[in-house]
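Going down the list, the protein sequences come from chains A and B. Okay, so the first sequence: first residue is 3 according to this note's numbering, each after it adds one. Okay, so the second sequence: first residue is 3 according to this note's numbering, each after it adds one.
Honestly, I wouldn't trust all of these hints.
It does not matter which identical chain is meant; a pair holds if it fits inside one copy or across any two.
[Claimed, not checked] In silico lysine-lysine, PhoX-like type, Cα no more than 25 Å apart, as pairs:
hint, residue 1, residue 2
1, Lys-33, Lys-197
2, Lys-295, Lys-359
3, Lys-76, Lys-197
4, Lys-99, Lys-280
5, Lys-137, Lys-280
6, Lys-359, Lys-275
7, Lys-192, Lys-76
8, Lys-36, Lys-197
9, Lys-197, Lys-38
Rather than coming from a laboratory, the hints here were simulated on the basis of the structure. Remember, predicted model here, so these are calculated numbers, not experimental data.
Read off the chains here:
There are 2 protein chains.
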Amino acid sequence: MGDTDALNIPRCSFPRIIIVGGGFGGIALAKALKGKEMQVVLLDRNNYHTFQPLLYQVSTGGLEPDSIAYPLRKVLQGYPDFYFRLAEVREVVPESKLVRTDIGSLSYDYLVIGTGAETNFFGNAEIQKNSMEMKSVPQSLNLRSLILENFEQALLTDNLHERNALMNFVIVGGGPTGVELAGALAEIKKGILPKDYPDLDTRRAQINLIQSGDRILKEMSEKASQKAEDFLESLGVQVWKDTRVIGYDGKTVRTKTDLVFDAATMVWTAGVKAVSIKGLNGKDLLVPGNRMKVNAFNQLIGHEAIFAIGDTACMLSDDTPVGHPMVAQPAIQQGRHLGDNLVRLLNNEPMKPFVYKDKGSMATVGRNKAVVDLKNFKFQGVFAWFVWMFVHLFFLIGFRNRMVVFINWVYNYVRFDREARLIIRPYNRDYSQFKDGQVLNKES
Amino acid sequence: MGDTDALNIPRCSFPRIIIVGGGFGGIALAKALKGKEMQVVLLDRNNYHTFQPLLYQVSTGGLEPDSIAYPLRKVLQGYPDFYFRLAEVREVVPESKLVRTDIGSLSYDYLVIGTGAETNFFGNAEIQKNSMEMKSVPQSLNLRSLILENFEQALLTDNLHERNALMNFVIVGGGPTGVELAGALAEIKKGILPKDYPDLDTRRAQINLIQSGDRILKEMSEKASQKAEDFLESLGVQVWKDTRVIGYDGKTVRTKTDLVFDAATMVWTAGVKAVSIKGLNGKDLLVPGNRMKVNAFNQLIGHEAIFAIGDTACMLSDDTPVGHPMVAQPAIQQGRHLGDNLVRLLNNEPMKPFVYKDKGSMATVGRNKAVVDLKNFKFQGVFAWFVWMFVHLFFLIGFRNRMVVFINWVYNYVRFDREARLIIRPYNRDYSQFKDGQVLNKES
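Okay, chain A solo, but in the shape it has when bound (with noise of 0.2 Å):
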């Protein structure tokens, strides 16, 4: 065994599968296997859940990080024969079935692979350098400072050109996460600056969503994606259609026509990659956005015992061209699905095929104001903005979330206020460079 000892995990005489992430698949998939005859270690390099959708209010001041994550240990008290363990996976050598982490290597029976999407920026290094992402709570308390700072620093030029700049957000993608992020900041521009900054005329903050095709929300329908054009455009959010960025120095952001913005703040939501780990990236695996192909079974092509769930699966067949959706319900739905078929797996029973059962797809943009898709019935406003919060306390793991998300949401409701702005981290831009026409980067 060797080195798979460093991880001080005993073998036993059950089978054991290795659950690499505990987002929403691999949680799914590790309750599915509770008190069945295996050993379940599940590996994860934060040692918390994090609930991705409410990401943007965590950036936007409405909520506290904490309120939106779960420890993992907790998802798995009183499991038996499951371990948890905080590390980051390396590499995987399917040949001796060994996973290797920055803690030590463990070797696997069955191997899941769920480690979910983080962003995309094609290729574009000046914009992943410059530009701010919210996959990751620690991302998205960056975006808050930033945000924050930004105004404190309005305050102290009498430049105008740069103190608009300083107001001036760009939101590149118009999915449902630049969506929800718009209309957040729209809200705390009228509710919250003025009131804040009284010494500063906030009207000129702008809050631009920029997105390359004809229509935002495209996976939604036509109506969904003019409704929420609506309501964005009801808060003060420019919306730019058919526009694509190319690039940003940290001060301006350049289109592929003469369109710029001037813009101390870009927030980039405009694609996600799957996560991809050495030793299964090879070109035979991966689909671009580096998902791996998978079989109607999450079975990796050509690897029997590994598989692949949520974000980093792609499962294609003739309903689903590009894969799921790369959102929660394939990854929750995967992951109970497999945790069946690893018992039949184990009982020698046939595995049964993946079926997607879509659940529909819903973006908030402000308070009384969200689009709802399901199958056979499309509604937008007050009754969708209910349904939005409802599915997403309900979603949200642990009680005492709920409580404080509930809590904070009726708060910010009947208050018009988000009070969770406080700079905790704070982002340290080196704003001198900025006056002096410098190039600003997430490293300064």
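Dock chain B against chain A, hints included.
Relative to the frame of chain A, chain B by itself:
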């Protein structure tokens, strides 16, 4: 004016009061000055107020940091002619009535220093380098991360001595902070660790509270001290009295006697000192612990236009031979009183001397376990615990914060749980150093 315009605050016909520090004293003063004929500028290096008495619950996963912090701009919302600037004061130049900050300089007519206190290591650089402190939100989050990371690390070692050291906590200082932290850690050990770490013998985790004097909570009654010690021992905390810590290399806590502790975590709560500012740190102004000598009007000796309140002020009298206690109440009362005095001063009326109303003191050890000393009534146990909670909720700033803290406390009480145990701000200790017998440090 020159660089005094750098903060973009226009001079008006009213005199300008600069308040440095948005702690208990600074906020109380600002509130007392609302609507008076003064321009008030509040400077703080954070954009939030920190409710320090509950920081230990952030460190131990009982509360999220956002629920005990409060945006300073929100405190001042709707106050006419009030300005807040996110700035760190670097120097005061009394001759020019000028405050120099990291974002520029500002002139004042009256200056109030309320910068609070920081940890006092009494010049021991080794302890300062290697021990944890708990005076700010980031420090408390660092401690939370370190505690959790230590347990994750303890899982990985087969060396019993190393594993015990990773689960060994030494808290130096038997004041309220040390007592409350020790109690919270003991409850975590009992209620959470066995469930979170079934593959670790967490009974070996040790919580040691070290006090140099002959009793803990020495500012409180003998009865309170004794009862608190009983409570701690019933929770399994080792209380070491008459023991003076003289060094900590990151591995071994050394005391004046042969007694040593091998511990990966030492928290230093054994002393505080006022945060002093260049220009106001002359030997004639300061008493030991860097507090500034003030008269009965909180006026700095020899500086008519400069005042100090709270932890930074040392008001010497026959009743207070070492000044008032460095806790919230004197700060709040002095802030309010100084507000009234500044109004009198501007109306050419004589100022009134400050009289401290001692409202008593209290500390909590764990569920149903607290000690309260009022002037004529000292009590301990369940009722004291409810009083402690009520008082802390009452003094917490913000309705939302009170609700969220209340929900958390009810949840933690009913479920014997603390869910905010997330490593959101990894402390990144280099454990390989620890293994090799080298010294750990904060910078690593």
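Cross-check of the supplied hints:
no.: 1; hint: Lys-33 to Lys-197; result: between (46 Å within a copy, 16 Å between copies)
no.: 2; hint: Lys-295 to Lys-359; result: within (20 Å within a copy, 72 Å between copies)
no.: 3; hint: Lys-76 to Lys-197; result: between (40 Å within a copy, 8 Å between copies)
no.: 4; hint: Lys-99 to Lys-280; result: within (14 Å within a copy, 62 Å between copies)
no.: 5; hint: Lys-137 to Lys-280; result: within (21 Å within a copy, 42 Å between copies)
no.: 6; hint: Lys-359 to Lys-275; result: within (23 Å within a copy, 62 Å between copies)
no.: 7; hint: Lys-192 to Lys-76; result: between (39 Å within a copy, 15 Å between copies)
no.: 8; hint: Lys-36 to Lys-197; result: between (51 Å within a copy, 15 Å between copies)
no.: 9; hint: Lys-197 to Lys-38; result: between (57 Å within a copy, 19 Å between copies)
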